[in-house]
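Here is what each chain is made of, one letter per residue.
Protein chains: 2
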Amino acid sequence: MTTDGPAGGSPNDDDAADFDGQAPHLVEHTVESAIAYQGSFLHVRRDRVRLPDAREAWREYILHPGAVVIVPILDDGRLVVERQYRHPMGRVMLEFPAGKLAHGEPPLSCARRELEEETGYQAAEWARAGVLHNAIAYSDEFIEVWFARGLSTGRRQLDEGEFLDVVVASEEALDRQAAAGVLTDAKSLVALMWLQNWRAGRWDVRWTSVG
Amino acid sequence: MTTDGPAGGSPNDDDAADFDGQAPHLVEHTVESAIAYQGSFLHVRRDRVRLPDAREAWREYILHPGAVVIVPILDDGRLVVERQYRHPMGRVMLEFPAGKLAHGEPPLSCARRELEEETGYQAAEWARAGVLHNAIAYSDEFIEVWFARGLSTGRRQLDEGEFLDVVVASEEALDRQAAAGVLTDAKSLVALMWLQNWRAGRWDVRWTSVG
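Those protein sequences? They're chains A and C, same order as listed.
Everything in the first sequence is counted per my numbering, starting at 1 for the first residue and increasing by one.
Everything in the second sequence is counted per my numbering, starting at 1001 for the first residue and increasing by one.
Just so you know, the hints here were simulated from the structure itself, not pulled from any lab data.
The C-beta atom is built at its ideal place from N, Cα and C for all residues, glycine as well.
Check each hint, because a few of them may be wrong.
In silico negatives: residues of chain C with every beta carbon more than 10 Å from chain A [claimed, not checked]:
(1) R1206
(2) T1208
(3) S1209
Now the stretches of chain C that chain A is said to cover, found in silico as 3 or more residues with beta-carbon under 8 Å [unchecked claim]:
(4) 1032-1044
(5) 1053-1060
(6) 1071-1085
(7) 1101-1109
(8) 1157-1166
Only some residues are given here: those of chain C computed to face chain A with a beta carbon under 8 Å [to be verified]:
(9) N1134
(10) A1200
(11) W1207
Please put together the full structure from these sequences, using the hints given.
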């Protein structure tokens, strides 16, 4: 249901639940598209679009290959996390292991590679929990959330120029840090949300053994 | 505690909880900084940094003024959400109301302005729940999470070129859509996480009346 003014509705209506994915009155159509900036890491695209009212506007956004974030679950239930300096933030951030997809790389392959490179762990079982979109106004990035368990130690091998600490934390400690505003990395918060809902039996994931 | 290899540790250690914010062995220092791309919306900075091992690397990232996401809570407990076409995603997304800070604008002022402009609602009470950082590898953006209640209808006034539907949803419906992979917007997922934890009495927020 669409409302032009404030959405009132009856106590029983639940508009968002009814959405069928069709909303042609909101869609923008690309008229012209070009690369506006090609950096060593960031690629910016600039598109001219036709708005629903037939006027035109410009849209600028980052082209991103996609990424994964991994929740590595130790046999005792604790989690493997990282501390890493993030230059745009100007400080060390607490986060779950994560990494960008290489060209054409399937997300699970990327998750297995990044987990071992960054933490030294290999996992016997993997489950794809979900996906998040972290900057929908200006990036096409998606981040898949993967759980990993049956962990054993492999060989850590950081990328050149990558420095990070691998640490262990309980779910409760991470929850406290989220509540206190210390854990603020969005992908890690959503990954923690998935973990807590899965452990509570509320959100479902399917595990796969890997060879 | 820092580990070079896989983080083993004893069953009782909980490294992440002990972090005092000091990690000089991870910090990068800026050697040179310049604007690499100045678009109509995106501004890219490119910095040369000195790594912990004294080598150098380049860091590119978006300069962002910061943003707010608002959880508008109706008197019957349901929530006000939006459907908006997001060009980088190429589709209509379900999300809580949100917007960028104007230059020098305090987050609460931004939240009040965006809520009324986008949905037509005004709120008598506001609470800052927390903050998230949504793209720490390539943007300095922060998004503050604000709750709004005591809603009354004001006057909706969208920005030029802005088209969106205002809809109403229960917390349970949004939870189902998150579990099903329909609600994937990171700021909205983290906002939902805050709402659920606050309603469960687990995470605390402080309400303020506004005049």
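How the hints compare with the structure:
1. R1206: holds (13 Å)
2. T1208: holds (17 Å)
3. S1209: holds (21 Å)
4. 1032-1044: holds (count 7)
5. 1053-1060: holds (count 6)
6. 1071-1085: holds (count 7)
7. 1101-1109: It is violated: at least three residues are needed, and the segment 1101-1109 of chain C offers just 0 whose Cβ sits closer than 8 Å to chain A.
8. 1157-1166: holds (count 5)
9. N1134: holds (4 Å)
10. A1200: violated (11 Å)
11. W1207: Check failed: Cβ of C:W1207 comes no nearer than 17 Å to chain A, outside 8 Å.
Consistency with the previously given hints fails for numbers 7, 10, 11, ordered from lowest to highest.
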